[in-house]
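Participant: Each chain is listed here by its residues.
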Amino acid sequence: MGKVKLKYFSRIRETIGKTSELVEIKSTNIQDLIEELQAMGEQYSVLKGRDFAIYSAVDQNIVTDVKTSIEGATEIAFFPPMTGG
Amino acid sequence: MGKVKLKYFSRIRETIGKTSELVEIKSTNIQDLIEELQAMGEQYSVLKGRDFAIYSAVDQNIVTDVKTSIEGATEIAFFPPMTGG
Amino acid sequence: MLNKIIVAVQKSDFDLNSELETLKLKTEKAGAVVIFVGKVRDLDDDNLRYLEIESFEDLAKSQIKEICDDAANKWDLEFILVKHRFGRLKINDNIVLVITSSKHRKNAYEASAFIMEYLKSNVPFWKKEVADKTQKWVENS
Amino acid sequence: MLNKIIVAVQKSDFDLNSELETLKLKTEKAGAVVIFVGKVRDLDDDNLRYLEIESFEDLAKSQIKEICDDAANKWDLEFILVKHRFGRLKINDNIVLVITSSKHRKNAYEASAFIMEYLKSNVPFWKKEVADKTQKWVENS
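Protein chains in written order, with our numbering: chain A, 18 to 102; chain B, 18 to 102; chain C, -4 to 136; chain D, -4 to 136.
Watch out, some of these pointers could steer you wrong.
To be verified - Here are a few chain A residues that face chain D, going by a calculated C-beta distance under 8 Å:
#, residue
1, Q77
2, P97
3, P98
4, M99
To be verified - DSBU-like mimics (lysine-lysine), calculated; alpha carbons at most 30 Å apart, straight line:
#, chain 1, residue 1, chain 2, residue 2
5, C, K98, D, K56
6, D, K101, C, K101
7, C, K101, D, K24
8, D, K56, A, K84
9, B, K65, C, K101
10, D, K19, A, K65
11, D, K115, C, K56
Since the hints were derived computationally from the structure, they do not count as laboratory data.
Cβ atoms here follow ideal geometry from the backbone N, Cα and C, with glycine treated the same way.
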């Protein structure tokens, strides 16, 4: 797949300890990517969504299906349920 | 009954040509009062409510029943449907 | 609750920023503020010159107070303000201001719509539209 | 219609009077203006020090635009404005401003409630309450 920019927000950002990072990935969908990131450290287990639902945005499109393709994506964001308003 | 202050608003005020007047009346309810006022001139027929509903307020209490007593009242207002807001 | 109801029937305009400041001084527990502004709009088929609003001032004020009390009983509100103008107004001039505030927004929305509904037909104001070609008293739709 | 939609995601506060002026410059046909202000409220069981709002700015802006377009398609509106703040906010500071305007008030009320409903859970903002005794990310209720 190549390099993608990963972005983290809110509780995910706090747990992983970064706002973003550039990572070389092999996965072609969200679900596989989350599995692949586990090798980078224990803190990435937050992405498995045990404590709260995980949302992702692929090139700024919010996706709900973890099987969504990320091929050709340049930016993938992970965040917990949104609480605006 | 004695003297009461009659007040007119909006289309009724325009037709009768006054905002208020002090009148010696004999009637004891709204319906009779409207009838009694007819002797004062043709313009008072507007109070009969042929073109629009007539509301009245006896001492600043809006009443819908024309049989409402006006005994002891000091002020009686007549007006068309309200259009606030 | 009752000391957080403000009602006025006035000729002068109102100022949204200062009303919001007043509200904030009175409550720190409200997260939702719904502000309704009714303003003079141009007619669809004629050019409005001005709107003349006639009022039975004292009675209007007491009628509005009554509806505010009703709203305060029906919904959990932190603040209610209603200011209604009368006199001669031009296009885009403000006519009425209704502010309702509550912890959660649903109450503020519902109370605002309720108060406006009541204002339309139960408070002694009458509007006359004076336009280029016509001049007529507004009828309730 | 589309040129009457204004959206912003910003750190700075907003000014109700000037937003109402902007609206009036854009439409003379609207009689009803519904303004929703969401502000920071104190907690029921602790003293809030501040609210920290995190945002994914660009995405937040495009998500809000989308909901405004939806609202414009669903209701007959003359104007829509949504401004949402992020950063550190104190009690009573404004968080969000939603203005909807229409000829008749029902549309403005419904569109306002619709936009707020959507903002709550579909736009990437996250709120953290930092209080005397506790510190926690707000969860949607």
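Participant: Please go over all the hints and tell whether each is borne out by the structure.
Facilitator: Comparing the hints with the structure gives:
no., hint, result
1, Q77, "5 Å, holds"
2, P97, "7 Å, holds"
3, P98, "6 Å, holds"
4, M99, "5 Å, holds"
5, C:K98 to D:K56, "26 Å, holds"
6, D:K101 to C:K101, "15 Å, holds"
7, C:K101 to D:K24, "28 Å, holds"
8, D:K56 to A:K84, "26 Å, holds"
9, B:K65 to C:K101, "44 Å, violated"
10, D:K19 to A:K65, "49 Å, violated"
11, D:K115 to C:K56, "37 Å, violated"
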